[in-house]
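Trainee: Residues per chain are reported as follows:
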Amino acid sequence: MRKIWSIIKREYKEAVFKKSFIIITLLMPVLMIALSVLPTLLMMIETKKQTTIHVMDQTEWLFEDFSNSLKDTLKNGIPKFVVSKVSFSENDFESVLAEEKSLIEQEKLAVLLVVPEDIDSVGVVQFYARNVGDFDLTSRIKDTFSKLVSNHRLRESGIQPELINKLIKPVKLKTIKVIKGRKEKEGGFLQEYFSTFIFIFIIYLTIILYATAIMRSIIQEKTSRIVETILSGANSFQFMAGKILGQGAVGFTQYIIWVVFGITLLFAGGSFLPVSSRYFSFNPIIFFYFVVFFILGYFLFSTIYAAIGAITNSEQEAQSLVTPVVLLLVIPLMLIGFIVKNPDSTVTTVFSLIPFFSPIVMFARINLANPPILEVLLSIVLLIITIIGLIWLVAKIFRVGILMYGKRPTLPELVKWIKYH
Amino acid sequence: MEILQAENISKSFGEVHAVKNVDFIISKGKIYGLLGPNGAGKTTTIRMIMNIIVPDSGKITLFGQTMNDRLKSRIGYLPEERGIYPKMKLRDFLRFLGELHDMPSAIIDSKVSYWLKRFDLTDAEFFKVQELSKGNQQKVQLIGSFLHDPELVILDEPFSGLDPVNVNLVKEIILEFKKQDKAIILSTHMMDAAEKICDHVYMIDKGVKVLDGELDEIQQRYGHNAVQLEYKGNGDVVKDLPFVEKINDFGNYIEVQLKDGHSVNELLKAIVDRVEIFRVESRKSTLNEIFINLVTGGSNDA
Ligand SMILES: Nc1ncnc2c1ncn2[C@@H]1O[C@H](COP(=O)(O)OP(=O)(O)OP(=O)(O)O)[C@@H](O)[C@H]1O
Ligand SMILES: [Mg+2]
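If you read the sequences in order, they're chains A and R. The working numbering applies: residue 1 is where the first sequence begins, and numbers increase by one. The working numbering applies: residue 1001 is where the second sequence begins, and numbers increase by one.
This is chain A alone, in the form it adopts within the complex (with noise of 0.2 Å):
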């Protein structure tokens, strides 16, 4: 125990010290800044610019209501939009058509819009800008529109506009979602798949990030020879138990340092974070068992990776048996949108139960409906059995590939080792 504590704590202090833990350290709170105030900012710069909008309205009645129903305001309180009327005759429209176009190209207009005489039975309206793909824009430039142009319509046919909107009022659904033992809350798909798919990606992605490490790190002291030094002191077993608790730790604590940064972040600028806070909501439940599917995940493919990283005499050596491994973590993933919209199903129980999917599968069910908790223990107890199994495994193959340099073992030599003694 004493060595295996002893060999933890170097592994600490040297991954901690390492140039490329602070840099990670560092850089994922300036990313975290980044994702959640980059929309707000965003949004600011661009609702910071008037859009100029001329009309050229053949229609004669069209234009007041049009430019009455654009009252939107900026951020700042100015119009959003500057409408106005180009007037023309029916000689020159063809060259104040031409000349509204070369103002767009000169940058000096944004949009230019012309509605034909007839629009109540055409139903066309011409959009001239240099940027048609401005969703938001053309969307709301077409409600506008039809708004009015319907009305018309129904005024034309001696029919009042208002009784017509109130009697086809259209019915909007408000979806609130019901969990035992947890607040109502209001959400959506969106939102389910947003906050699920945050939490799994974490999840997958610290468990490659962390794995990784450790196999690397066991390659390289494989190639510096170091290996046997430490034999002559500890066993295999403790050496691999050494790196994989020690690289854990190293884990944990860019972990406290994240999460205590990001809770810091929700309650001191709570305002500044709308995707944040508006999708994302810190639940201690939920919390616990994102630890703890971590910590197994973790274990689970970090043993697996110390495995690769003891058979393999280099990092491109590696990637060829990590692949697949990786994929037992990518699958989960991109069933997520299925997990999302059937979390009950018998699929997803059966993903959510297999060691390998169940930290993703598993933590994702929990954090969309409430598992029964004999399943969530049942995972659990699968995970930690596979895990041992893995270990005692693992050392095997370990004791024998740490001292092996040269070529690859194949499968049946593996399984040679595995036998031994």
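Because the hints were derived from the structure by calculation, they are not lab data. Ideal Cβ positions, reconstructed from N, Cα and C, are used throughout, including at glycine. Treat the hints with care, as some may be off.
[Said to hold, decoys possible] Taking CB as the label site, the calculated pair distances span: (1) A:I295 <-> R:F1126: 35 to 41 Å; (2) A:G337 <-> R:F1127: 53 to 59 Å; (3) A:P324 <-> R:V1165: 32 to 38 Å; (4) R:N1288 <-> A:F252: 55 to 61 Å; (5) R:F1126 <-> A:I23: 21 to 27 Å; (6) R:N1008 <-> A:I295: 43 to 49 Å; (7) A:F17 <-> R:N1293: 52 to 58 Å; (8) R:F1127 <-> A:N313: 28 to 34 Å.
Could you slot chain R with the ligands onto chain A? The hints should help.
Mentor: Only chain R with the ligands this time, still in chain A's reference frame:
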């Protein structure tokens, strides 16, 4: 007193039989030379003693117990493949090795200081290990295997990379260990060093033990009765003498190997009237010669 016993140990790597049915005994207060050509199986044998590699068959008993990992801290092992943590400070690295060998924290520091001083590395204790020269890194590793005051010291190529002063220092330390009643196993290609300090020699070749005995006894047994001779005159007289086994002509002098039971005096008597003698030297054969003979001479083993 016996502390280590290997019985019939064998180890193959795939097709390669690295060690075949080797057995030996190591006792306290003696220095053992483990000799043999490259690829003979010395390092493999040592790794099996250290329980780093498990023998395919055979048994290793250490301190009266079947070898197990708890016994490792009573052994001081210098691996053939030197490995260090390049980024660690010298003192931290040694502390770490001490902890790995179950040293109580209280005494690690004083031991580290003692050995650093002994190897003239005190000034470098806060250097990173990678900042040391190769020979100095080698000294650090040696310290790592001496630090915890082991009862059995196993050194695989301890002299490689060391200057003559440090070679002498290491020899001196090994002899000190012998006085302290420790057992020392020394695997080396430096035959003259082995010859000076070893009490007992195990030689293996192609995984098989070909020689096992006290150094003196081996030198007697395998030592040919040889005389170096410098003279002027017709050399054929020497060659034709009935009790001469063979001669090697080295240009400036010849080396004469006499048949068993014949002395240098006989040789001199036979030639003194016929040639002019400048120099005569009778000598025991060196471990080096025995080594070369055994390894290249094929099957003339005991
Ligand atoms: N891990 C290994 N995998 C495959 N073959 C090995 C391994 N270790 C040793 N061998 C083989 O076993 C034989 C004995 O090697 P060993 O290292 O024990 O020799 P040695 O006597 O220490 O040689 P040297 O004097 O060069 O150090 C060699 O043929 C070597 O190629
Ligand atoms: Mg060797």
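Trainee: Measuring from beta carbon to beta carbon, are N1008 of chain R and I295 of chain A in 43 to 49 Å?
Mentor: Once the Cβ atoms are compared, 47 Å apart, the range 43 to 49 Å for I295 of chain A and N1008 of chain R holds.
Trainee: Just to be sure I understand the hint, the distance between the Cβ atoms of F17 of chain A and N1293 of chain R should be within 52 to 58 Å; is that true here?
Mentor: holds, 56 Å
Trainee: Could you see if the CB distance from F1126 of chain R to I23 of chain A stays within 21 to 27 Å?
Mentor: For F1126 of chain R and I23 of chain A the Cβ distance comes to about 26 Å; the hint holds.
Trainee: Check the following: the C-beta atoms of N1288 of chain R and F252 of chain A are separated by a distance inside 55 to 61 Å.
Mentor: holds, 58 Å
Trainee: When you take the CB atoms of G337 of chain A and F1127 of chain R, is the distance between them in 53 to 59 Å?
Mentor: Given a distance of about 56 Å, which is inside 53 to 59 Å, the answer is holds.
Trainee: The hint says 32 to 38 Å between P324 of chain A and V1165 of chain R; measuring C-beta to C-beta, is that right?
Mentor: violated, 55 Å
Trainee: A range of 35 to 41 Å was offered for this pair. Does it hold for the Cβ distance of I295 of chain A and F1126 of chain R?
Mentor: Hint holds: Cβ distance 37 Å, inside 35 to 41 Å.
Trainee: Please test the hint of 28 to 34 Å on the beta carbon pair from F1127 of chain R and N313 of chain A.
Mentor: This hint holds: roughly 30 Å between Cβ atoms.
Of the numbered hints listed earlier, the single one contradicted by the structure is hint 3.
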